[in-house]
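There are 2 protein chains.
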Amino acid sequence: MAFIVLKFGGTSLADIAKIEAVSLQIKREIEFGNRVLVVVSAMAGVTNQLVGFVSGITSYFDPVEYDAVVAAGEQITAGLLAIALQKYDVPARSWQAWQAGIMAQGRPMCGEIYKVNQSLLLVDIEKGCVPIVTGFQAISLEQRVMTLGRGGSDTSAVMLAAQLGAERCDIYTDVDGIYSADPKWVPQARKHDVISYEDVLEMASVGAKVLQVRSVVAAMGQDVPLRVLSTFMDQPGTMIVHQDKIIDQKPFSGVVVSKNEVMVKISGQISTVSLMKEIGSLGLTIDMVSIQSNYLVFLLQDTEALRVKYELERKAEMMGISKIEFLKDIVKVSVIGLGIRSNQDFLSIFFESIGQVTSNILSFMATENRASVVVPTLNGEAVVLALHENLGL
Amino acid sequence: MAFIVLKFGGTSLADIAKIEAVSLQIKREIEFGNRVLVVVSAMAGVTNQLVGFVSGITSYFDPVEYDAVVAAGEQITAGLLAIALQKYDVPARSWQAWQAGIMAQGRPMCGEIYKVNQSLLLVDIEKGCVPIVTGFQAISLEQRVMTLGRGGSDTSAVMLAAQLGAERCDIYTDVDGIYSADPKWVPQARKHDVISYEDVLEMASVGAKVLQVRSVVAAMGQDVPLRVLSTFMDQPGTMIVHQDKIIDQKPFSGVVVSKNEVMVKISGQISTVSLMKEIGSLGLTIDMVSIQSNYLVFLLQDTEALRVKYELERKAEMMGISKIEFLKDIVKVSVIGLGIRSNQDFLSIFFESIGQVTSNILSFMATENRASVVVPTLNGEAVVLALHENLGL
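These protein sequence lines are chains A and B, in that order. Going by the numbering used here, the first residue of the first sequence is number 1026, and it counts up by one from there. Going by the numbering used here, the first residue of the second sequence is number 1026, and it counts up by one from there.
Just to be clear, a hint being listed does not mean it is correct.
[To be verified] Covered by chain A, according to a simulated footprint, are these stretches of chain B (three or more residues, beta-carbon under 8 Å): (1) 1038-1047; (2) 1077-1090; (3) 1101-1115.
[What the hints assert, rightly or not] Calculated from the model, a selection of chain B residues having no Cβ within reach of chain A, i.e. all distances over 12 Å: (4) Arg-1169; (5) Lys-1216; (6) Met-1264; (7) Ile-1271; (8) Ile-1295; (9) Lys-1340.
[What the hints assert, rightly or not] Computed cross-link-like contacts, SDA-like style, restricted to lysine to any residue with a CA-CA straight-line distance of at most 25 Å: (10) Lys-1270(B) / Asn-1285(B); (11) Lys-1052(A) / Gly-1077(B); (12) Lys-1112(A) / Gly-1077(B); (13) Lys-1348(A) / Leu-1309(A); (14) Lys-1152(B) / Val-1089(A); (15) Lys-1112(B) / Ser-1084(A); (16) Lys-1052(B) / Ser-1084(A); (17) Lys-1052(B) / Pro-1088(A); (18) Lys-1275(A) / Leu-1309(A); (19) Lys-1140(B) / Glu-1167(A); (20) Lys-1140(A) / Gln-1168(B); (21) Lys-1152(A) / Pro-1133(B); (22) Lys-1043(B) / Phe-1078(A); (23) Lys-1290(A) / Met-1264(A); (24) Lys-1043(B) / Asp-1087(A); (25) Lys-1290(B) / Ile-1272(B); (26) Lys-1112(B) / Lys-1152(B); (27) Lys-1152(A) / Ser-1165(B); (28) Lys-1112(B) / Arg-1132(A); (29) Lys-1140(A) / Ala-1027(A); (30) Lys-1112(B) / Met-1134(A); (31) Lys-1052(A) / Lys-1152(A); (32) Lys-1234(B) / Ile-1029(B); (33) Lys-1112(A) / Pro-1088(B); (34) Lys-1112(B) / Thr-1083(A); (35) Lys-1043(B) / Pro-1088(A).
To be clear, the hints were calculated from the coordinates, so they are not data collected in a lab. Even glycine gets a Cβ: it sits at the ideal position worked out from N, Cα and C.
Could you put the whole structure together from the sequences, leaning on the hints where they help?
Here's what the structure looks like:
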């Protein structure tokens, strides 16, 4: 008998019919002889609706109140799923973050769970009851609601699995596993049976939307095996474990595309150090940084572009910036895998593949297990297909 | 400088524009020199939507989980209103029931507040901050969410006003006060400047939807003056105080119509006592009870009719019931006021007025300050108009 944490995302709980289907899925897991704890997201669309309400009032909202508003969605699904389980004779109860004593620290809107009142939940489980815990939310030291960032329910599930000593954390979503490429772009994409935390982390960092980056970091750090699988298909999904537990490790895990990027070029008599400090203080995640004597280039999520423009233009003179340019209509294509450093032919295959499609390479970088290239959006799909085929993915 | 509790209903908070308007209303109140605490309902329609989700799963839901689900709506408006107030430079923060220590006892779905952690809220107010408290919800001894019944935010506001020693509780809604009749039915209806708790209580009991019955009981018992006024019109509204504080008391306060009624007739060799006990155990509110040797007649909300039919038919044989009939398409028309016992001409005017319209009187009863008659729906409007005019309302 194993103890498993099951996490269901918003698309799995999008309406009453789906919530009932999820409850039968949970019931099956229990009938296999497992004990379970369930973590839920908000119904698909609800969090976006709540965020819309907040930003409809002002862009300069109090992040603590933002958290109080957007955390409501999980509360609804937790109660509904408990009711659905009871309907199928499975004892269940909902737990909000304050009831389960899920404590977070850090900044509002992206809090980090550091403690869970295990005993409360374990007593529930020992009574044969299924705890349905609201994901995405925790409580701050000041007894306010603190959310964990978009996709934060994944992190809630991993942290609960770690703190309660679960054997595994199953992330149920609308895809049936982790693929070597997005099947919408690459019909031949292959599903992984098993993949390493490291590669999934790299995939998530460069734009794959399977799991929240932080949840993978937490799972890796706390040694919680993750499984990504579909709520709607009876498929085993993809297991995520430590690299050294994978016997037949493939050199390349996948090709990932990130679409919502802009390339920023800042020119002038700039001090790179103070400019990077400034960018860091805006809480931005930037990538593909290239530094030259009189300009700096990097990639940024396009939703952040306006804010960066505003902030840097205010300080342009002080910082020696003479020009800020934004290049749109680009995509970042990344190859992930240990083959990047270990396979001697990698670079030639990589550039050969891109060269088949375009000579317009806007930026390139490589690390131990990732190689990324920026190309015009119109070449994106062909580049992905060429890389996927030529690297034998 | 007065300390006032302001309560805003769902229609006052129905969208972002209205939430902003409410925040300006609160700001004005503060600029008058008052200190305020605000209680909010869910946005109009949200609670119904959540109730719909629950009953979409099953009719036999766990009431505790129902409460966990439907309480989410108030959390959203509390956060949004705090953000809107901050936008207009009014320091504010949202308080959920568990944060404010609002404790309830009794049954889920209709809990009763018995304690509020005053010090937390008072500290906030003394700092010059406006607490925005979620109405309709409290916390049970078991640390679960407990809601207070439909319209329960009124009761939250009254209980907070009582426990924190507020001078007054202002109930902001979509009508600008309490009228002598529904202006939709009676264009000549008159708005009360002042009215007694007793009359409002009676009005609410017989179907007027201005305030939750329990909130009026609480206000009367704890001596909290209530004011009902419109969020959208700059009108003084209606003050509700003790009878003995009203100098110029009118004999009649109003004519109230209750539409969603069915008349139930139970025949057979029945024991009235055991039948009434059975009905009581179903948690029903019944009215206009008439007992004869071999039948019992009463009025019931039509939403309860199916459940009563089901429960009584199961026990029909045991209880000596030979027949259960339901009469629909009826309305209950009630006159409220102390004139019912004090005015010697009342009964003749009352029946004369009804006789002008119909001779089909299905039931009648009178107490000290209320007289009710049941007539066919098609005569309802004419009966109300005749009573309103002939009683000089």
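Looking back at the hints listed earlier, which ones does the structure fail to meet? Going through the list in order, the structure violates hints 4, 10, 18, 23, 25 and respects the others.
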